[in-house]
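> Required output: the full structure, derived from the provided sequences and hints.
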Amino acid sequence: MLKKITILILFSLLAGCSQSSNDSNANQPSGSAETAGSSSSGNIFAGENLNYIVTTNAGGGYDAYARLIGRYLVKKLGGDNVVINNIPGGGHIVGTNTLWKSKADGLTIGTVNAGLIYNQLIGVKTLQFDISKFSWIGKAAGEPRSLVISEDCQVQSMEELLASVEVIKLASAGVGSASYLDTKLLAEAFDLNVDIIPGFEGNEGEMSMMRGEVCGQFGTTSSVQPFVDSGYGHFILTVGGEVEGVPNAMEFVSTDKARRIVSLIGALSELGRVTAAPPGTDPEVMERLREAYTATLNDPEFLAEAEKMKLPIDAASGDTVDQLVMAAMNQPQETIDIIADSVRVE
Amino acid sequence: MDLGPIFQALMNVIGSPYNMGMLLLAVPIGMFFGAIPGLGGKLGIVMMIPFVFGMDPIAGAIFLISMHAVVHTGGSVPSILFGVPGTGADAATVVDGLPMTRNGEAGRAMGASLGASGVGGVIGGLFLICILPVLRPVILAFSPAEFFMLAIFGITFIAMLSGNSLVKGLLVGFFGLMLSFVSLDPNTGAERYTFGLLFLWDGMDIITVILAMFAIPEMIALGVEGGSMSLAGKQKGTAGYKGVFTGLLDVFRHWGLTLRTSIMGAFIGMIPGLGGDAATWICYGHAIQSSKNPEKFGKGAVEGVIAPETANNSKEGGSLLPTLFFAVPGSSGMAILLGAFVMLGIQPGPAMALTGMDIVWTLIWALMIANIVAVFFFIAFVPMLGYLSYVRGSLLIPFVLALTFLGAFLGHRSWENLIVLFVLGGFAYFLKKYGWPRPPFVIGIILGPIAEDSYHKAFQLWGYEFLLRPGALIMIALIIGSVGFYIWKSTRPKKEGVVEYVG
Chain V
27 MLKKITILIL FSLLAGCSQS SNDSNANQPS GSAETAGSSS SGNIFAGENL
77 NYIVTTNAGG GYDAYARLIG RYLVKKLGGD NVVINNIPGG GHIVGTNTLW
127 KSKADGLTIG TVNAGLIYNQ LIGVKTLQFD ISKFSWIGKA AGEPRSLVIS
177 EDCQVQSMEE LLASVEVIKL ASAGVGSASY LDTKLLAEAF DLNVDIIPGF
227 EGNEGEMSMM RGEVCGQFGT TSSVQPFVDS GYGHFILTVG GEVEGVPNAM
277 EFVSTDKARR IVSLIGALSE LGRVTAAPPG TDPEVMERLR EAYTATLNDP
327 EFLAEAEKMK LPIDAASGDT VDQLVMAAMN QPQETIDIIA DSVRVE
Chain X
1393 MDLGPIFQAL MNVIGSPYNM GMLLLAVPIG MFFGAIPGLG GKLGIVMMIP
1443 FVFGMDPIAG AIFLISMHAV VHTGGSVPSI LFGVPGTGAD AATVVDGLPM
1493 TRNGEAGRAM GASLGASGVG GVIGGLFLIC ILPVLRPVIL AFSPAEFFML
1543 AIFGITFIAM LSGNSLVKGL LVGFFGLMLS FVSLDPNTGA ERYTFGLLFL
1593 WDGMDIITVI LAMFAIPEMI ALGVEGGSMS LAGKQKGTAG YKGVFTGLLD
1643 VFRHWGLTLR TSIMGAFIGM IPGLGGDAAT WICYGHAIQS SKNPEKFGKG
1693 AVEGVIAPET ANNSKEGGSL LPTLFFAVPG SSGMAILLGA FVMLGIQPGP
1743 AMALTGMDIV WTLIWALMIA NIVAVFFFIA FVPMLGYLSY VRGSLLIPFV
1793 LALTFLGAFL GHRSWENLIV LFVLGGFAYF LKKYGWPRPP FVIGIILGPI
1843 AEDSYHKAFQ LWGYEFLLRP GALIMIALII GSVGFYIWKS TRPKKEGVVE
1893 YVG
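Protein chains in written order, with my numbering: chain V, 27 to 372; chain X, 1393 to 1895.
By construction, these hints were calculated from the structure, which means they are not laboratory data. Possibly wrong hints are sitting among the right ones.
[As the list claims (entries may be wrong)] In silico negatives: residues of chain V with every beta carbon more than 12 Å from chain X:
1) D221
2) G271
3) I364
[As the list claims (entries may be wrong)] In silico DMTMM-like links for lysine to aspartate or glutamate, alpha-carbon gap of 20 Å or less:
4) K127(V) with D1750(X)
5) K159(V) with E313(V)
6) K334(V) with E1808(X)
The beta carbon of each residue, even a glycine, is placed where N, CA and C say it ideally should be.
So this is what it looks like as C-alpha cells:
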C-alpha cells in the first residue's frame, strides 16, 4: 500500500510540474492583463510575457523574424519572456483574426501578412478584421517577390515564358493565400500561359520542382534563395526589389492593367514583414512598442544575429507602415475586379 | 563513402562532456513529455526552445533531437498501463498493450515496448545512415500521387482493426474521416463544418480527440466496474523485473518483425507528406498481416506492442532527413524542430548536403545514442511503474483525468477542447460499452487530411491519370495484394473471429 501511495504521489508531482512549466512557458499571458493595464505609473511590461502571434507554423520566414525580433524586443520593453504563438491556417487569416480579437493591452502583438490586403479588397467573408485599423508597430524588412524556375523547366527565361505555347505549371500555397494571389495576378498582368497548382506550403513547392512536377513558383525572394544558391533553379523575374542580374517586372510591362497589377504587388512587397498590435491599443503603449521595435532593429547585436540567420533587415516605422497600408488599400474598382476574378475557383 | 566524418561526428557527441551532458539531460525530459498524456514531443520542443536559445548550435540541436527521439519510449507507459495514449502514434500501442495489462502482463508489455523502442531507434538510425547516399532520389520518388495511395493503403487497415464486425469498424473509421474534414478547406480557405467557431478552423485537435476516444472511456469503465486496470491477481502478474525481461526477450524472439517494422517506420517517417503517425499504424497492420495467428491481436499479443513501438522510435529518425535536407518537416514535431534549428543558426535545406553533413551525422548519432540511453534509464523505473496497474480505480481515476484535461487544454490552449473532450469522450464510452472498435477512428482522423491534400494536388497536376503513374500503380498493387492476402487468410478454416479489440 505504501508503495502505491508513493507512486501516486510521484505522479501527482509530475502533473504539478507540467502545470507550472505550462504557466511559465507556453501560455498566453491573458490573465495578467488587468495588472498590466492598471499599473499606469510603472512599466506595464515589467514581469510580463510578451505574446507574439505568428500566423504561420514554426519554421517559416515570419516565424524566424518574430523569434529573433521578439527576443530583443521584450528585453527593450523590460518584459520577462517572449512567447511565440504560432497560429497557422487559412492563409494567415486564423492568426490575424486572433490578433484582431486579442486584448489591446500591448502584451499581445503579431505578424500580419500584407497579402491579406488582397483578401480585404475583395471582401473575403472569413476576415473578421479591418487591416487598416491595426495599430502598426513597424516593419522589419520588405519582401521582394521573384519568379524562380527550376533548372529542368522547358522555359528558362521570362522571354521564353511569355512566348511559351506549352502550359507551364507553377506551385503556390492554398487558393486565397497571398502566394496564390500574387501568382494569379502576375499571370493575369502578363497573360502568362500557366497552370497554378495550389496547396504547397512552406518549402513543399521547392520539393515539387525537384520532383519535376511543377516548373517554378512566384514567391518571396528570401525564402527561395537557398534553393537557388544550391543550384536547383534560378530567378527570371523580380518585383518590389532588386536581385542582381534579374530583370524587374516593370521592364516587361506594356499595358495599363499590367502596370497597375505590378505596382500593387510591388506595394505589398514593400510592406513585407510587418508587426502590429490589436486595434485600439493605448497610444502611450504604442509609443513604447514602436520605440522598442525601432531600437531593436538598430541594435548592432541584433543586426549581426539577423545576418547570421540570413534574415535581411530594412526597417520602417509604424507610421510609415500605416501610410503604406492606406495607400495599398486605395485601389480602383477595376483592379479589385481583377483580384476578385483571380480567386474565383472554377 | 568516406567514413572519417561519420566517426568524427560520433566523437562530437560522446567525446564532448558538454554535448554528452546535454544528451543525458534531454533523455529523461523527453520521456517525461512522452509519458504525460497530451504533452508529447511537439509541446516538449516548444517548451524547451527558451532553454536552448543562444546555446552552441550543435549542443542545442543534440539536446532537442535527443529529447524528441525518446518521447515515444515514455509515451508507451500510459498507453499500456491505462489505455491512455498521449498522441495518435502512441494509440496503436493501446490496442494490444492494454489487454496485456488486463491479463496481468503489464511488466512484460512495458519490457517489450522498451526493448522495441530502443532497438527501433537504433536500427532506424542505421537504416538512415545506409540510405543517405541515395536519399534524394528516394524521397523525390514520392509525389502527391504516391502520398494519396499510401494514405488509402493505411485507410484499408480499418478492416483489420474492425474486430468481429467490419460494418462497425467502417462506420467508426468513416466517423474519424468525417471529423478530419472539420477545418478550413486547405485549398480554398473556406470554412467547412466549423459552425463559425474559430477554434475549429485548424481542425479538431488530434490530441484532444485521441484522449477523448481512449482515456475518457477507459476511466469511466474503470469507475463503473471498480477494481484496478489489471484484472489478474497480483500473484499471477509479471509486473516485476521478471516480466520486464520476458518482454525485452520477446523483442529478440520476434526479431524478424522487429527488423521489418524498424525499417518500415524509418522509411515511412522519411516521406514528408505522409506524417509519422501513419507509420505506427501501418506497422501495426503489418504485424497482423504477417502473423500466423492474427486472431491473437487485440487480446494481448506482444507483437502488437513490438510493431508500433519500434516504428514509433524509428520514424523520428526517418522524419529528420527531409527536415534537414529539404526543410520540409516529416512530422508535426519536426515542423517545430525545424523552427528551432533555424533559431540555433542551423539552416536546413538543400544546401545541407553540401555544407552541413557534419551536423547531419552528429544528429543521427545523437538520435541513436539517446535511444540506447533511454532503455537503460527507463529499465530502473519500469517494474515500479508496472505496479500502477494494480492501483485501485478510485485512486487512479482522478490522476489520469487531471492529466487528460491538461493534455487536451495544452494542445491549442483553448477551453473549447475540454467540451470536445467531454462530448466525444461520452460517445466513445458507449462505443466501448457496446463493443464497437475505436482504433479505426484514429486511422480515419490521421489519414483523412493527408488523403485529401494529396488528392487535390495529384489531381491538379495530372488529372485522374495520376492513378496510372508507376509509383501509384505499385501502391495500388500493394493495396490489392494486402487486402486480398488478408481476406484469404481470414477465410481459411482456422478462422475464429478475426481481430478483436478488447479495450
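> Are the hints correct? Go through all of them and say.
Verification of the supplied hints:
The Cβ of D221(V) does not lie farther than 12 Å from every Cβ of chain X; its closest approach is about 8 Å, which violates its non-interface assignment. Residue placement check: G271(V) keeps its beta carbon more than 12 Å from all beta carbons of chain X (closest about 20 Å). The beta carbon of I364(V) sits about 19 Å from the closest Cβ of chain X, which is more than 12 Å, so the claim that it is off the interface holds. Our distance criterion of 20 Å between C-alpha atoms is broken by K127(V) and D1750(X), whose separation comes to about 46 Å.
Note on K159(V) and E313(V): the hinted pairing holds, with a Cα-Cα distance of about 16 Å set against a maximum of 20 Å. As the CA atoms of K334(V) and E1808(X) are separated by approximately 41 Å, the hinted pair breaks the 20 Å bound.
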